[in-house]
Each structure stands twice: as structure tokens, then as C-alpha cells.
Amino acid sequence: MAGGGLGRYLARRGVEAALTLFLASVLVFAMVAALPGDPAQVILGDRGTPDQLHALRAYLGLDQPLPVQYGRWIARTLRGDLGHSLINGAPVSETVGRALPLTLQLSLWAFAVVVLIAFPAGVFAATRARSRLAAALRWYHGWALAVPVFWLGVLLSWYFGVVLRWLPPSGFVSLGESPAGWARSLVLPGITLGLGVGSVMARFVEGSLADVLSNDFVRTARAKGLPNRAVVWRHALGNALIPIVTVLGIQAGFFIGGAVITEAVFAIPGLGSMLWRSILTRDYLVTQSVILIGIAAFVVINLCTDALYGLLDPRIRYQ
Amino acid sequence: MVMALSSRTLASHAAPRRERRRSGRTAAADPGIAFLVVVAAAAVAAPLLTRYGPTDMSKNAVLAFPSWSHLMGTDQFGRDILSRLLYGARTALAVGVGATAIAAVCGVPLGLWTGFKGGTVDAIAMRGVDTLMAIPAVLLAMALVAVAGPGSLNVAVAVAVVGLPQFARIARAGVLAHRRMEYVEASVAAGAHDVRIVFRTILPNVLSPVLIQIPIGVSRAILLEASLSFLGLGTQPPQPSWGLMISESREYMYAAPWYGIFPGAAIALTVLALNHVADRVRSQWRTDPAR
Numbered sequence: 067m068a069g070g071g072l073g074r075y076l077a078r079r080g081v082e083a084a085l086t087l088f089l090a091s092v093l094v095f096a097m098v099a100a101l102p103g104d105p106a107q108v109i110l111g112d113r114g115t116p117d118q119l120h121a122l123r124a125y126l127g128l129d130q131p132l133p134v135q136y137g138r139w140i141a142r143t144l145r146g147d148l149g150h151s152l153i154n155g156a157p158v159s160e161t162v163g164r165a166l167p168l169t170l171q172l173s174l175w176a177f178a179v180v181v182l183i184a185f186p187a188g189v190f191a192a193t194r195a196r197s198r199l200a201a202a203l204r205w206y207h208g209w210a211l212a213v214p215v216f217w218l219g220v221l222l223s224w225y226f227g228v229v230l231r232w233l234p235p236s237g238f239v240s241l242g243e244s245p246a247g248w249a250r251s252l253v254l255p256g257i258t259l260g261l262g263v264g265s266v267m268a269r270f271v272e273g274s275l276a277d278v279l280s281n282d283f284v285r286t287a288r289a290k291g292l293p294n295r296a297v298v299w300r301h302a303l304g305n306a307l308i309p310i311v312t313v314l315g316i317q318a319g320f321f322i323g324g325a326v327i328t329e330a331v332f333a334i335p336g337l338g339s340m341l342w343r344s345i346l347t348r349d350y351l352v353t354q355s356v357i358l359i360g361i362a363a364f365v366v367i368n369l370c371t372d373a374l375y376g377l378l379d380p381r382i383r384y385q
Numbered sequence: 002m003v004m005a006l007s008s009r010t011l012a013s014h015a016a017p018r019r020e021r022r023r024s025g026r027t028a029a030a031d032p033g034i035a036f037l038v039v040v041a042a043a044a045v046a047a048p049l050l051t052r053y054g055p056t057d058m059s060k061n062a063v064l065a066f067p068s069w070s071h072l073m074g075t076d077q078f079g080r081d082i083l084s085r086l087l088y089g090a091r092t093a094l095a096v097g098v099g100a101t102a103i104a105a106v107c108g109v110p111l112g113l114w115t116g117f118k119g120g121t122v123d124a125i126a127m128r129g130v131d132t133l134m135a136i137p138a139v140l141l142a143m144a145l146v147a148v149a150g151p152g153s154l155n156v157a158v159a160v161a162v163v164g165l166p167q168f169a170r171i172a173r174a175g176v177l178a179h180r181r182m183e184y185v186e187a188s189v190a191a192g193a194h195d196v197r198i199v200f201r202t203i204l205p206n207v208l209s210p211v212l213i214q215i216p217i218g219v220s221r222a223i224l225l226e227a228s229l230s231f232l233g234l235g236t237q238p239p240q241p242s243w244g245l246m247i248s249e250s251r252e253y254m255y256a257a258p259w260y261g262i263f264p265g266a267a268i269a270l271t272v273l274a275l276n277h278v279a280d281r282v283r284s285q286w287r288t289d290p291a292r
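Same order as they appear, the protein sequences are chains S and H. First residue of the first sequence? That's 67 in our numbering, and the numbers climb one at a time after it. First residue of the second sequence? That's 2 in our numbering, and the numbers climb one at a time after it.
Treat the hints as calculated values from the structure; they're not laboratory data. Please note: incorrect hints may appear among the correct ones.
Stated by the list, open to error - If you want a taste of the chain S side facing chain H, the calculated C-beta under 10 Å gives, among others:
1) 101
2) 182
3) 185
4) 213
5) 221
Nothing here was measured: the structure is a model prediction, and the numbers come from that model. The beta carbon of each residue, even a glycine, is placed where N, CA and C say it ideally should be.
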């Protein structure tokens, strides 16, 4: 019964997500189709020979009507054929395959930073709202939200990497090469990416938890003699999680954008660096692919948080 | 309860209520507003405040430590950092305010009108808005700049496109809440034209959430412009931009850390002040029941 409710809820969300993704993919397609004049000519610039120009025109299907072009493009993309880079001729899907794990590893580290900031700071500020430390935390969050990701990255890389020499100032070491080097290479980027979102989330944890703590059931739990820790972490936080999860999905957008900037600052050859370089070199097909992947990731993350939301709160399923 | 949650969540570091009400009447006493006024004045009066042009180079003072002749030191070309910071404030504020103005001027009427009309128009417009919101801001801005090419103006347009959906959503939410209210129905019954109802009758009553969005929009726009310029996709050298200055300072951070610290501090303080103003406006609207 409840499973059916959840299933229907997820199915509706899934259809919405698919529609959004479809429309966004049309926009991403339009990005190249809207290039002024002959897109193939613009894409190649002065790099190509007439033969290459012909080949690219045929590949993009420029003699076909736009809907057909879109259909061919999306069909290719779904098959995993993202075309070839115009700079080095490598298949884009292969480059993505190499870059994606790095971005995921960076995100994992940054997410750990977010959780390590958000829960301790948020729970503390909600339970000891009047303490001096809670006030200091709120002041700190204001700053953490105002400091641009790239500046934080530059400062951390300079201070801990160049002045103190504790950690590598930039670059990436793969896990297989050296696990310790891998961990060290991701500490500063993880903090850079996670710090701001950590503060946003800490504020929400605080607000949501403070709200739940004023409920009757919390008073009941206290009245029956449960220790404070059990009341807060088991009874209250579980309920407070529901709005927090939704905000996490929205914050994923900042996270994805921040990852692009963080990778650029620390020279991590992930998807973000790939996107950045492709724009600077006008490698449009690469730009198009990476942006589509970023959007898909954002939509899927939000679908997952919706699912989690439905699991956490039975009321949602019956709307 | 929901109200309590959102106000506490969103304005968690706002001042206690009594103090807020007392200081509420004197906007000039607010440190955030005061700082923004100083930044805006400094941007406008930049030529009067410094002897150096933002692109004037000096071979004798390259990467000079801050001194009386160069209060914030000089960069790798011997350009005065203070001067570049002041002229960079022009870029930041022009893009921040300009982009937010475009976003509000396009987004608010769109949200108001489609929300009021409802039906297919509304459904289509909101699908479009949702789609734009499904694209992470930095990616959307980068995609637009990739097509249009780098530069301050293109960045401003890109940042405006990023901000537009928020304004449309907020305005639409306001209209939906007011559409069935008696004063609106009275206006309909009196035979007022739709345009008049939407813009003269409803708009003034749903303006407060739109106004709160303005400082938030400007702060996000400034961060986005700085980020794009940092990546080399925004303001192009030798034009001064805070993000660009930080990007250029990276090579010299070891020898001249002040070069990267001043522009970053300028961004952080400006954004902090804008966020503070947003929190303040928000908490004032909440304590004011007559909205």
C-alpha cells in the first residue's frame, strides 16, 4: 500500500525529470545550432580543411531540418557517441570516461566536508542557540557564503601549498598511483568546494532542527527521561532531515558549478577542467557534451533527493 | 510553524527582534548599507580617488609592497592595485546591478502575467523557467558565454538569464496568492483591463518578495561575474575586474600575496554586505504584518 504510493510518487517525479531533461537537452542542442552562419564552419574555425568541413557537416546533419538534427544528435548521445574533439581528435566519450571519476572523487571529498560542517555546527547552534559559540558560527557562515570559491581555492593553495608546504598546491594523484598522495591532493580542493555549501547546509540544519525541537513529541521524549543526546540525534534530527534533504538537492547546482571552478584552480583534470578548456579553445562539441552531463547529473541528483524525501516522509507519497 | 522554520532558517543571523525594530528606521546606521554606499561612491568617484589609471604601467614599481605612493601595492606590470580595485568595482557593480535589473524587468512581468492568465501560456512559460532552473548557474552562464564569446557585456547578459527564472517564479507565486483575493476581484468586476489589474492592482501588493530578491540577485551576479572573469571567460585584460585580478595574481602569490588578497576581500565584503542587506530587508518584511 505504502509502496504503491511511493511508486506513484516516484513515477510522477521521474516523468517530470525526464521532461525537464528533454527540454534542457533542446537548449544544449540549440547552443550549437544557434551558432551564426554555418555551424560547421564556426566550429572548425580556421582549423579545418574543406574535407573536414564536409565531414563535420554530414556528421551534424546540417542539410537536415532542425528536429531531425536534434533527433540524430540525441540518439548518438544516448548511445554514448559524443563526437570527437576538434583540438586533439580524441573521442569525447573516452575523455569523459577518464575525467568523470576525478570529478566524482572530488565531489565525494567535498561532500564529506559539507557533512562534517553542516551537522556538528547546525546541531550545536540549534541546541545551544544562545551560546557565544553559536553566535560565532552564524557570523562564520555569513563569511563562508560571501567568499568566492575560486578565491578560497587560491588562498588555500597559496598558504598550505606554497607557504607552509603541507599539501600539494595543485595537481592530482590517482588512487592507484599512491593512496596517500591521492588523499593529500584532494584535501584542499575538497575544502574549497565543500566549505560554502557546508555553511548553507549548517544554517538549514540549525533552522530545521530548532523548529523540530519545539514540537510536543520532543517534550514528551524529554519528559520520559531520554538523555538529551538521544532526543536530539535520534528523535529530532530524523524529522529535521526532511527539509534538509530537499535543500541538499537544490545546493547540488552550486556544487556542480563550484566543482568546475575548483578543478580549474587546482588543475584537476576532471570534467570541470574539460569544460573550461573546451570553452577557451572553442571546442563546441566538447562543451556541449559536458554541459549536458552536468545538467543530467543535477536532474538525477534532484530526482534522488525527491525519492529520499518520499522515503523519509510518508505524507509526501499521498499528495 | 512553517513560517517559524523559514524565517529562522533564512535569516538565522539576523539581529534579535527588539534591536532590529529600533534600528529599523535608520538605514544609514546599517553597516551593510553603509559599506555598499561607500563601494558605489568609490566606483563612481574612482578617477578622483587615485592618481593612477587602472591600466597605467610603471617599470620602476613592479609587484611593489603597499606603500604611501601605492596604498595596495602594484601588480606585475607596475599597475596600481588600488586603482584597478576601484575601477574593478565599476565592472562588478555595473554587471551585478545591470544583470539583476534586466532579470527583474523581464522576469517579474513574465511571472505576473503568466501567473494571472494561467492555462497553457502559464504552463509553457513555467516549463521554460523550470528548465532554466534545472541548469546549474555556472554551467548556464558558461554555455551562454561559449556561444556569445567572452566579455563584460556578454557576461552581464548571461548572468541576467541565470537570474531571470528566480524573479519570474517569485512574481508568479505572489500573483497566485493574490489572484482570488477580493480586492482583485473587485477590480475585475469594475471592468479594469488585465494589464491594469496585473501591474497597478496586484504588483504593488506582491512587491516585497521581489524586493528581497534584488540584493540576493546582485550578490549572486557579482560572484558569477567574478567567477567567469577568473576563468578568463568574462572581463578581458587589460580591463580591471576583481575576478580577473585574482586570476592574474596567482602566479605572483608567493612574491606578492597582497595582489590576490585585496580584490578577493573586495568581493567577499561586497557580497557579505549585500547578503546582510537581504537578510535585513527580509526580517523587516516579516515583522511587518501589513504586506
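Subject >> Status of the hint placing residue 185/S at chain H (closest C-beta pair under 10 Å) >> reply: Where the cut-off is 10 Å and the nearest Cβ of chain H is about 15 Å from residue 185/S, the hint is violated.
Original post:
Would the stated hint for residue 101/S survive a check requiring a Cβ distance to chain H of less than 10 Å?
Top reply: holds (7 Å)
Subject >> Restraint check, 10 Å cut-off on beta carbons, for residue 182/S near chain H >> reply: violated (19 Å)
**OP:** Mind checking the CB of residue 213/S against every CB in chain H and telling me if the closest is under 10 Å?
**Re:** Holds: closest Cβ of chain H sits about 5 Å from residue 213/S, inside 10 Å.
Subject >> Satisfaction of the residue 221/S interface hint, Cβ to chain H closer than 10 Å >> reply: At about 7 Å, which falls below the 10 Å cut-off, the nearest Cβ of chain H leaves the hint on residue 221/S intact, so it holds.
In summary, the numbered hints that this structure violates are 2 and 3.
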